[in-house]
Every structure is written in C-alpha cells, then in structure tokens.
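Undergrad: Each chain, letter by letter, is given below.
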Amino acid sequence: MKSNSGKRLICILWCLGLFLLRPPLAAAFSDILVNVEVIKATRNSTEIDPQLQDLVKELAPVLNYSGFSLLKKIEIRLVQKGKGDVILSSGRVLELEFLGFEDKQARLLVRIVEKGEQTFRTTLLMVDKGSVLIGGPPHHDGVLLLRIGAGFVP
Amino acid sequence: MEKTCESLGPRLSAYLDGELAEEERRKVKKHLETCQACRELVHELEETGTILKSALSSASESEVDLTGVWEEIEERTHFGPSLWQRMKKLVGKPVVWLPATVATAAVALLLFILPILKVQVPIELSRVESVYSRTGRVMVLQTPESGRPLIWILPEAGKGGSS
Chain Z
114 MKSNSGKRLI CILWCLGLFL LRPPLAAAFS DILVNVEVIK ATRNSTEIDP QLQDLVKELA
174 PVLNYSGFSL LKKIEIRLVQ KGKGDVILSS GRVLELEFLG FEDKQARLLV RIVEKGEQTF
234 RTTLLMVDKG SVLIGGPPHH DGVLLLRIGA GFVP
Chain V
76 MEKTCESLGP RLSAYLDGEL AEEERRKVKK HLETCQACRE LVHELEETGT ILKSALSSAS
136 ESEVDLTGVW EEIEERTHFG PSLWQRMKKL VGKPVVWLPA TVATAAVALL LFILPILKVQ
196 VPIELSRVES VYSRTGRVMV LQTPESGRPL IWILPEAGKG GSS
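Here the protein sequences come in this chain order: Z and V. Read left to right, the first sequence gives residues 114 to 267 (our numbering). Read left to right, the second sequence gives residues 76 to 238 (our numbering).
The set of hints was computed from the structure by calculation and includes no laboratory data. Every value quoted in this text rests on a predicted model; they were computed, and no experiment measured them. One or more hints might be untrue.
[Unchecked claim] Partial selection, computed: residues in chain Z whose CB lies under 10 Å from chain V:
(1) 125
(2) 163
(3) 164
(4) 166
(5) 189
(6) 190
(7) 191
(8) 195
(9) 198
(10) 201
(11) 213
(12) 214
(13) 223
(14) 260
[To be verified] So these bits of chain Z aren't anywhere near chain V, every CB distance computed over 12 Å:
(15) 162
(16) 193
(17) 206
Just so it is clear, CB atoms sit at the ideal spot from N, CA and C, and this is done for glycine as well.
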C-alpha cells in the first residue's frame, strides 16, 4: 500500500537523522604519545617553575615540599610493544613500554633502572590525556617527581 | 469545488446507477455539463464500476476473489487520497510519533541537555594496575583535587626519607 511506503519513508528519514546526530564514535588508536616531565622537589628552596604551578597547587595538600624545578620534559611516541627510555640522572633510567590498548585504556609498563638493576616497576592503565605521578627516588638535596602523561594517537 | 459540487457530489454514484428521480437527474446532468471536476469524478466512478464488474463476472458463484482489485482501482483511477492527505493521516498517528519523539528526546538529551547541565558523568582516570619497588615500601594515593594517581616510593625502612 502507498501509506506503508510513506511510513517506511518517514522511518528511514528518522534513522538517517539519528545517524547524522550520533555522537562521534571512538576513533581507532594505534600509538600513544607519552609525555614525561622530570621534576625535582626540594625543601631547601621555595622556587617554583612557572610551568609547574598547577601541579604544585594539586600536590600541596599531600606533599611537604616547597621548591619545584623542571629538569626535563620529553615526548615519546610509542607503537604497541614499543619501548622508550628517559635518562633521569647519571646511572638512573626510566624505561617505558607500551603493552597495548585494552578497552579505552593503554597499558604502559614503567620501570626505573639504576645501574642496570630494576628498582621500581609499575603497570599503568592510562586513559587518553590522562597522567600519573611517580615520586620519591632521592635526587641531590631533594626527590625526583615524574609526571607521566599519555595521549592516544590514531 | 463549488457549493453545487458539494451538494451534488454524493449523488453522482446514484446518478450513474440510474437511481435518481427525474428532476434530480436533470440537475446533476446540467451541472456535469459545466463542471469539469465532477465530470472527472463521474469518470472515475465509472472506471471503478467497470473494474469491479469485471472482477465479479470472472469469479465463480461460490467464490469471489477480490485480491488486488482495490490496488488496481487506486492505480487506474487515482481514487485514493492525495499524497498530502496521506501524509497528514500518517503523521497524525501516535504509532509514528511516539518512537520518533522518544528517539529525538534521547538524542537531544545526549547532545545538548547533558553538556548544559554538566551532569556528573564519572570521569575516567588513569589507574595503577600493579606496582613493585625494591625498597618494598610504596604508597599509592590520589591527589585530592583531580584524583590523579600518585605513586610514592618510600626509602627502605631505617634509611629515613625526605617526604
């Protein structure tokens, strides 16, 4: 019947409208862009690197340090199963390995190796544009603080 | 259509069947001479009658198969409502509007209303799946403001620390 074809037409138009208005689907990602900020936190100074103002404000309630300086800022693009290194200080290296995506998260293996020996290891589930802080290793008159962020790359 | 058409229109079928009184038949006939719309309607009625008669005459006495007859009538005479009328009838039915309204409301909620209201959708955060330290002393916490994970490696017991 002609009225049936009219119904069909309206249904098709609605479906088309919904399809056009749908939220964008999650893009398929293949790599991650890891940002590593190597920061020295100390109690012997009150100088704060302007680039770290937001971090200092965030950490103030939980850490008792007054001086924060940015020692290094590195960006590494990692493919799945890819590895990257960041030298933290003489004889101390931060090793990163991107293990792969799982659901909406990227699994990242982070290791600190000192003079060839692994002293710290963690597996992180990173969300897109998320970050994690790692701190504590002694460094001169203070401690090292690492801000590790990840961005997903299609 | 003129007013005369409205009053005479319903009688056209009776006119064709010869069921009208003489005076009324003359009125209709006179009107048909001047009215193109009613002449077309009469023609359509005649067509319909022809198709029906043909369908009935080809059927056996015990069984009348009218399958497809109406479609044929519609096709040949364009007797059905106009497209505009059909659309009006269609959109007036709740069976079409209800799912359409629900779907539109859902899409509008997702696209426009939720962002405006800033509904507390759980924010996904990065997580610590596992952790190991040679010192054997690690603290994992979240920063109060953003909930960002913070792993703090503590010195070995007895060695003291600076945090």
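Undergrad: Next, verify each hint and record whether it holds.
TA: Hints versus structure:
no., hint, in the structure
1, 125, "violated, 12 Å"
2, 163, "violated, 19 Å"
3, 164, "violated, 17 Å"
4, 166, "violated, 13 Å"
5, 189, "violated, 17 Å"
6, 190, "violated, 18 Å"
7, 191, "violated, 15 Å"
8, 195, "violated, 19 Å"
9, 198, "violated, 19 Å"
10, 201, "violated, 12 Å"
11, 213, "violated, 13 Å"
12, 214, "violated, 14 Å"
13, 223, "holds, 9 Å"
14, 260, "holds, 9 Å"
15, 162, "holds, 18 Å"
16, 193, "holds, 17 Å"
17, 206, "holds, 15 Å"
Checked against the numbered hints given earlier, the structure breaks hints 1, 2, 3, 4, 5, 6, 7, 8, 9, 10, 11 and 12 and satisfies all the rest.
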